[in-house]
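Enquirer: Based on the provided sequences and hints, a complete structural model is requested.
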Amino acid sequence: MEFYYPTTIKEAQEFLEKPSTTAVAGGTSFTGKSVKSLVDLTRLGLNYIKDEKQKIRIGATTTVTELKESRVLNNFANGILPESCSVLADTQLRNVITIGGNIACRYLWANLPPALMALEAEVEITGRKKRTMSIEKFFESKLAPGEFISEVIIPKGSNKGAGTFVRFARTKVDYPLISLAVYAEKQKNKISILRVAVSGLTPPTRIKAIENELQGKNIDEKLLADAAIKAADQIRVLKSYVFSEEYLREVLGVLLTRALKKVLMEG
Amino acid sequence: MEITCKINNVEKRLVFEPNEKLLDALRREGYYGVKFGCGNGDCGACTILVNGKAVKSCIMFAAQAKDKEITTIEGLSTPEHPHPVQKAFVDAGAVQCGYCTPGMIISAKALLDKNTKPTEDEIKEALEGNLCRCTGYVKIIDAVKLASQRMRGGKR
Numbered sequence: 014m015e016f017y018y019p020t021t022i023k024e025a026q027e028f029l030e031k032p033s034t035t036a037v038a039g040g041t042s043f044t045g046k047s048v049k050s051l052v053d054l055t056r057l058g059l060n061y062i063k064d065e066k067q068k069i070r071i072g073a074t075t076t077v078t079e080l081k082e083s084r085v086l087n088n089f090a091n092g093i094l095p096e097s098c099s100v101l102a103d104t105q106l107r108n109v110i111t112i113g114g115n116i117a118c119r120y121l122w123a124n125l126p127p128a129l130m131a132l133e134a135e136v137e138i139t140g141r142k143k144r145t146m147s148i149e150k151f152f153e154s155k156l157a158p159g160e161f162i163s164e165v166i167i168p169k170g171s172n173k174g175a176g177t178f179v180r181f182a183r184t185k186v187d188y189p190l191i192s193l194a195v196y197a198e199k200q201k202n203k204i205s206i207l208r209v210a211v212s213g214l215t216p217p218t219r220i221k222a223i224e225n226e227l228q229g230k231n232i233d234e235k236l237l238a239d240a241a242i243k244a245a246d247q248i249r250v251l252k253s254y255v256f257s258e259e260y261l262r263e264v265l266g267v268l269l270t271r272a273l274k275k276v277l278m279e280g
Numbered sequence: 120m121e122i123t124c125k126i127n128n129v130e131k132r133l134v135f136e137p138n139e140k141l142l143d144a145l146r147r148e149g150y151y152g153v154k155f156g157c158g159n160g161d162c163g164a165c166t167i168l169v170n171g172k173a174v175k176s177c178i179m180f181a182a183q184a185k186d187k188e189i190t191t192i193e194g195l196s197t198p199e200h201p202h203p204v205q206k207a208f209v210d211a212g213a214v215q216c217g218y219c220t221p222g223m224i225i226s227a228k229a230l231l232d233k234n235t236k237p238t239e240d241e242i243k244e245a246l247e248g249n250l251c252r253c254t255g256y257v258k259i260i261d262a263v264k265l266a267s268q269r270m271r272g273g274k275r
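Just so you know, the sequences run in chain order A and B. Be aware that the first sequence starts at 14, since it is given in the working numbering, and climbs by one per residue. Be aware that the second sequence starts at 120, since it is given in the working numbering, and climbs by one per residue.
Hints were generated in silico from the structure; no laboratory data involved. One or more of the hints may lead you astray.
As the list claims (entries may be wrong) - Label-pair ranges, simulated between beta-carbon atoms: (1) A:247 to B:196: 27 to 37 Å; (2) A:183 to B:210: 28 to 38 Å; (3) A:47 to B:217: 32 to 42 Å; (4) A:168 to B:137: 18 to 28 Å; (5) B:210 to A:202: 56 to 66 Å; (6) B:170 to A:145: 54 to 64 Å; (7) B:196 to A:141: 43 to 53 Å; (8) B:257 to A:267: 57 to 67 Å; (9) A:100 to B:256: 14 to 24 Å; (10) B:136 to A:278: 50 to 60 Å; (11) A:156 to B:200: 23 to 33 Å; (12) B:159 to A:156: 22 to 32 Å.
Said to hold, decoys possible - List time: in silico DSBU-like cross-link candidates among lysine-lysine, alpha-carbon distance up to 35 Å: (13) B:236 to A:199; (14) B:131 to A:49; (15) B:125 to A:155; (16) B:125 to A:274; (17) B:125 to A:23; (18) B:243 to A:81; (19) A:81 to B:185; (20) A:81 to A:143; (21) A:68 to B:125; (22) A:275 to B:236; (23) A:142 to B:185; (24) A:23 to B:185.
Since the model is a prediction, treat every value here as computed from it, not as a measurement. Glycine included, each C-beta is placed from N, C-alpha and C at the ideal position.
Expert: Shown next as structure tokens:
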């Protein structure tokens, strides 16, 4: 086994093209896993949050603590991203877990992907060439050898609305069964923008059914609840050996209803 | 493989297998205050400071420590002159079996280094990654409050 310390993006990409190499940033996902060779991505200068005119650019090895404490992100879209960070793991782990790692590991329980989906974030992937894709697309595709996540880009288009992040777990430090992010904007009493994303009981995904159903409608408590419950019944739920499918759907329906009400009817 | 890093303000050369965790490398070097609890990043008994930030050394590769500044509980003080957080843990009765204590104290120190007057919620948040099976946490939180008071008052 080897441990490489690239200091440039080019070097990192070349090391990652070697067979059986894995990128490491925080390193928290390697318990009990056997790996051949590791490439440390934390010395490439990818630790930043840049507030640009149209976009917020977040370097892939920016830690969750840094996201949580970022003034820029706290003032953006009701602070959904820092909110999702504050309920992620615990203090010591937040100090090392990176935004890139939280996405790249594709864990069902990862908090950041649904929050980033609600913000319509994009992921920049560096390899021999650079490519950028929506975060939803990322979860449907694979990285080629030599490729790694280098940046997360959040468009600043819509960010004045209300948002919330819900994490449902048995205890505060347990893996969440359901993570839910909702972002919405309204004009008078009409829903003008709605983005809902979920993970935990299913791989990270937008719930387009709710978004399409409610877009442009007048805000009405019963309408929100009906849309939430209908979506919870339709979503693909992964098999769990601890919780029944019925239970998970019921909880998801309740959480969705609460989140929609909070975002659209309070404040 | 080998790396150099600073441990408790002393330049050190660490030798280890590339897949070894920092916890194991530190204990082999004699830093026994870094405890093995779960090995999964759950319990926090292995908490150390890396560049001033509390992290769990059981879930970090030793190789990641290259060129970093590490502080373990041994680096806080001497038996004759305990760190104010250590003194407060003793005075508040926050130590029972003691296994979680080094990690707790490191986490508390990391908090007090950047926030001299934390609220109870901030203390709980700072210690949420440290499990204690004995105390029920009440006296640990009391101890951190006491340490914060004393450190602000300049008393040890």
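Enquirer: None of the hints should be skipped; say for each whether it holds.
Expert: So, going through the hints one by one against the coordinates:
no., hint, verdict
1, A:247 to B:196: 27 to 37 Å, "violated (60 Å)"
2, A:183 to B:210: 28 to 38 Å, "holds (35 Å)"
3, A:47 to B:217: 32 to 42 Å, "holds (34 Å)"
4, A:168 to B:137: 18 to 28 Å, "violated (40 Å)"
5, B:210 to A:202: 56 to 66 Å, "holds (59 Å)"
6, B:170 to A:145: 54 to 64 Å, "violated (31 Å)"
7, B:196 to A:141: 43 to 53 Å, "holds (52 Å)"
8, B:257 to A:267: 57 to 67 Å, "violated (33 Å)"
9, A:100 to B:256: 14 to 24 Å, "holds (19 Å)"
10, B:136 to A:278: 50 to 60 Å, "holds (57 Å)"
11, A:156 to B:200: 23 to 33 Å, "violated (52 Å)"
12, B:159 to A:156: 22 to 32 Å, "holds (26 Å)"
13, B:236 to A:199, "violated (40 Å)"
14, B:131 to A:49, "holds (26 Å)"
15, B:125 to A:155, "violated (39 Å)"
16, B:125 to A:274, "violated (52 Å)"
17, B:125 to A:23, "holds (29 Å)"
18, B:243 to A:81, "holds (17 Å)"
19, A:81 to B:185, "holds (26 Å)"
20, A:81 to A:143, "holds (28 Å)"
21, A:68 to B:125, "violated (38 Å)"
22, A:275 to B:236, "holds (33 Å)"
23, A:142 to B:185, "holds (30 Å)"
24, A:23 to B:185, "holds (21 Å)"
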